[in-house]
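Novice: Just so you know, the protein sequences line up as chains G and V, in that order. Residue 52 in full-length UniProt numbering is what sits at position 52 of the first sequence, and the numbering runs on without skipping anything. Residue 260 in full-length UniProt numbering is what sits at position 260 of the second sequence, and the numbering runs on without skipping anything.
Do not take every clue at face value.
Example chain V residues on the side facing chain G (calculated, C-beta under 7 Å, incomplete) [said to hold, decoys possible]:
1) 102
2) 128
3) 132
4) 197
5) 275
Computed list of chain V residues with no C-beta within reach of chain G, every gap over 10 Å [stated by the list, open to error]:
6) 45
7) 48
8) 81
9) 101
10) 111
11) 214
12) 272
Just so you know, the hints here were simulated from the structure itself, not pulled from any lab data. Positions of the beta carbon are idealized from the N, C-alpha and C atoms, including for glycine.
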Amino acid sequence: MSDVDYRQGVATAPGPGTANLADILERVLDKGIVIAGDIKIDLLDIELLTIRLRLFVSSVDTARKAGIDWWETDPALSSRAAQCALREENAQLRHRVAALEAGDAESGTAAEREA
Amino acid sequence: MTGFADRGAAPDSTVTYAFAVCRGEDASGAPLPPGLSAGAPVRALRFGALTAIVQEVPAADFTEEVWRRRLSDRAEVERCARAHHAVVTAVARFRPTVPLALCTLYRDDWRAIEALGRDEARFAEVLDRVAGHVEWGVKVYVRPEEHASGPDGATGATPRPAPGAAARGSAGGPAPGAGRAYLAERRERQRSRVRRHEETLRDADVVDTTLRGLASAARRLQPQHQELTGDPRPQILNAAYLVAQERTAELSAAVTALRRRVGAHIEVTGPWVPYSFAGEV
């Protein structure tokens with residue numbers, strides 16, 4: 001490896017310390033020769049799943065901290081969101097009824113066309 | 001590592017962790033990295049005509065239960081993966097080396113010699129295949145403009161034409177063709193998105209085909225998830241090429257030419273110990 005001089009022209013030559021974690025993980029977990037050991041640690045079964053899950057969860061946490069909460073307001077993902085949608089529709093209908101009863105149908109229709 | 005200790009195993013018992021297998025009678029020539037445990041050094045262990053690179057590690061730190069917990073701790077996973085990788089890389093600097101998968105463990109040295117010895121022919125075959133070669137990782141990312149535009153186009157929130165603007169030139173109401181013009185624009189945007197997508201896939205094929213021509217062997221790996229890479233651009237090609245060391249300059253020139261030829265972004269990593277070519281062909 002030390003006699004490979006590929007540094008000019010093409011990007012990186014990662015030493016052990018600089019290569020990115022995703023690249024290392026995909027090699028040390030998925031590749032390399034698999035020989036039966038004495039102690040059974042079936043990484044392929046447990047780990048990639050765990051890692052991906054973890055990383056996903058942490059990105060959801062990050063999103064929540066940033067105030068993005070799509071999974072809470074998307075009706076497909078949350079029953080609470082479905083209730084929200086119902087409540088909102090309810091409120092709009094009440095508002096519309098009130099407007100009609102006040103004889104102000106014109107503005108209601110205009111608002112609807114605009115919506 | 002102490003935080004992960006398992007109560008089940010005796011506190012002072014050790015197991016033999018195997019990192020790699022290489023040719024040669026000894027692995028001297030370079031100081032080896034510290035490995036996975038502070039207790040004992042990384043060392044060479046002869047079996048038959050080959051040498052395993054091993055380390056005694058505390059048994060309590062290497063049970064399935066401990067690893068299950070460890071693998072959900074990103075910092076721990078990173079520490080272990082890098083420690084394993086550092087040893088493999090250091091050994092391979094001076095001789096053809098077959099990396100073993102993370103967590104290949106034996107009850108003791110004798111068991112390691114016995115078990116690895118049974119696969120001596122297989123190791124020899126892989127060592128022949130990778131000798132004089134290195135692995136290069138090549139990734140192709142979606143063209144920037146494709147990624148920048150969401151499903152609705154560049155801004156993502158294209159406002160409907162304001163009534164006043166749409167009606168400019170006519171008297172009062174919306175211009176007659178405004179709706180159709182809007183739909184035509186949407187269609188055109190959709191078409192160009194599909195076009196860019198196809199171009200990107202073609203880029204990936206051109207890159208892969210060209211580099212396969214230079215390689216002794218090639219593998220397409222699973223494209224990496226954005227959560228794992230931290231890169232916002234989707235990856236459309238993640239490949240590994242086993243390239244003879246004397247063809248390194250050729251590979252370099254080919255990548256330079258490809259970068260000029262295709263619109264997609266090409267990332268090259270390496271040289272790697274040929275991890276991706278250690279298993280079955």
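Novice: Please go over all the hints and tell whether each is borne out by the structure.
Specialist: Against the structure, the hints come out as follows:
1. Residue-level restraint check for residue 102 of chain V holds (minimum Cβ-Cβ distance to chain G is 4 Å; threshold 7 Å).
2. At its closest, the beta carbon of residue 128 of chain V sits 14 Å from a beta carbon of chain G; the interface hint therefore is violated under the 7 Å criterion.
3. Interface hint status for residue 132 of chain V: violated, as the beta-carbon distance to the closest one in chain G is roughly 10 Å, over 7 Å.
4. Given the 7 Å rule on beta carbons, the hint for residue 197 of chain V is violated: about 24 Å separates it from the nearest Cβ of chain G.
5. Given the 7 Å rule on beta carbons, the hint for residue 275 of chain V holds: about 4 Å separates it from the nearest Cβ of chain G.
6. Every beta carbon of chain G lies more than 10 Å from that of residue 45 of chain V, the smallest distance being close to 14 Å; the non-interface claim holds.
7. Its beta-carbon lying about 14 Å from the closest one in chain G, residue 48 of chain V satisfies the requirement of being farther than 10 Å from that chain.
8. Listed as a non-interface residue, residue 81 of chain V fails to keep its Cβ farther than 10 Å from every Cβ of chain G; the least gap is roughly 5 Å.
9. Interface exclusion of residue 101 of chain V from chain G breaks down, the closest Cβ pair being 4 Å apart, not more than 10 Å.
10. The claim that residue 111 of chain V lies off the interface is violated: its Cβ sits roughly 6 Å from the closest Cβ of chain G, which falls inside the 10 Å cut-off.
11. Its beta-carbon lying about 13 Å from the closest one in chain G, residue 214 of chain V satisfies the requirement of being farther than 10 Å from that chain.
12. The beta carbon of residue 272 of chain V is not kept farther than 10 Å from every beta carbon of chain G, the shortest such distance being approximately 7 Å.
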